[in-house]
Amino acid sequence: MTFRGTVPTRRLGPAGPEVPVFALGSWNTWDRMEFDAAVALIRRAAEVGAAFFDVAHYNMGPHAENARTDLIFGEAVRAAGLSREDYLLCGKLWLWEYPATSFASQMETSLSRIGIEKADTVVVGDYMSPIDVRQIVTDVAAEIAAGRFDSWGVNNWQAADITLALDVAEAEGLTPPTFAQLKYGLARRTMAEGAHYGELFNSGRLALQASDVFEGGILAGKLAPERKIGADVGGIREQIIAVYPELTRIAAGLGATPTQLGIAFCLANPATANVLFGVSRMEQLEDNLGALELLERVGAGELLAATAGLWVDRAVNADGSW
Numbered sequence: 001m002t003f004r005g006t007v008p009t010r011r012l013g014p015a016g017p018e019v020p021v022f023a024l025g026s027w028n029t030w031d032r033m034e035f036d037a038a039v040a041l042i043r044r045a046a047e048v049g050a051a052f053f054d055v056a057h058y059n060m061g062p063h064a065e066n067a068r069t070d071l072i073f074g075e076a077v078r079a080a081g082l083s084r085e086d087y088l089l090c091g092k093l094w095l096w097e098y099p100a101t102s103f104a105s106q107m108e109t110s111l112s113r114i115g116i117e118k119a120d121t122v123v124v125g126d127y128m129s130p131i132d133v134r135q136i137v138t139d140v141a142a143e144i145a146a147g148r149f150d151s152w153g154v155n156n157w158q159a160a161d162i163t164l165a166l167d168v169a170e171a172e173g174l175t176p177p178t179f180a181q182l183k184y185g186l187a188r189r190t191m192a193e194g195a196h197y198g199e200l201f202n203s204g205r206l207a208l209q210a211s212d213v214f215e216g217g218i219l220a221g222k223l224a225p226e227r228k229i230g231a232d233v234g235g236i237r238e239q240i241i242a243v244y245p246e247l248t249r250i251a252a253g254l255g256a257t258p259t260q261l262g263i264a265f266c267l268a269n270p271a272t273a274n275v276l277f278g279v280s281r282m283e284q285l286e287d288n289l290g291a292l293e294l295l296e297r298v299g300a301g302e303l304l305a306a307t308a309g310l311w312v313d314r315a316v317n318a319d320g321s322w
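Heads up: the sequence shown begins at 1 in UniProt numbering, then just goes up one per residue.
Be a bit skeptical, because a hint or two may be false.
Said to hold, decoys possible - Below 20 Å or equal to it, Euclidean Cα-Cα: the simulated DMTMM-like pairs (lysine to aspartate or glutamate) are:
#1 118 with 108
#2 118 with 86
#3 222 with 238
#4 118 with 150
#5 228 with 108
#6 222 with 246
In case anyone wonders, no lab produced these hints; they're calculated from the structure. Quick caveat: nothing in here was measured; it's all calculated off a predicted structure.
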């Protein structure tokens, strides 16, 4: 069934922008597609009110891939006929080579590759060694002052670090992070729903952007992904693969697809402002849009009750430490 409505919006944190509950983009989405298909997908996203794109320059640390995905996106969004005010863009700031590679340098490169002057928001990436939170908050504020973006969030930070960032920003009168992009979905729930981040969400200090909802495609039926996917925090990927048959059974019982159930589950959590997913075919986007009908038809309470048994990362550290 073709979606004929408009994707609703939620605020991306207390000082963040109003955004559609869907955002498109993931690791190298656009360079996995034929160009005309990318253009059509962008047009369709704009048509349904989901023109919110996560676009990064994958060029350092474990992402030193020399990908062209950001270049392709810039070309495709212009070919789709969208002016800059027609869409929202979330960029990425990497910590892998920071501060040797400054945020200013990263933003200048990223924006020029896409062909725009400003992002709407950015995500400051994850890390594998201790970070200087105070310096990060200060340097992000400098980029906001320079007009390169207006708000920011973090990607899978340890809870103590994001709390410190919020406190430093408040004490120094700087722009605080407004959202956390976390791995979150039917199987991985502990970090987003645990006491640490859960308190930040419940108190309204942060909003949740759900990412890697399908565990690199596994919970969408690609049980043996051929492409590089995200980290397996806690070493639970085999357990996640094992719950897929039960996921398909539950989804069928609710008159939905597994992907629709996965997205509707995320949106059933009031902390979730936005669900970030990668789609490389139009039919995938149309299928995902059906999650909105599922949530409205079944309701958050029934969805959460029906999927409780799919939670497999209960033993993973809720504070984000490994």
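For this structure, which hints from the list above don't hold up? The structure breaks only hint 5.
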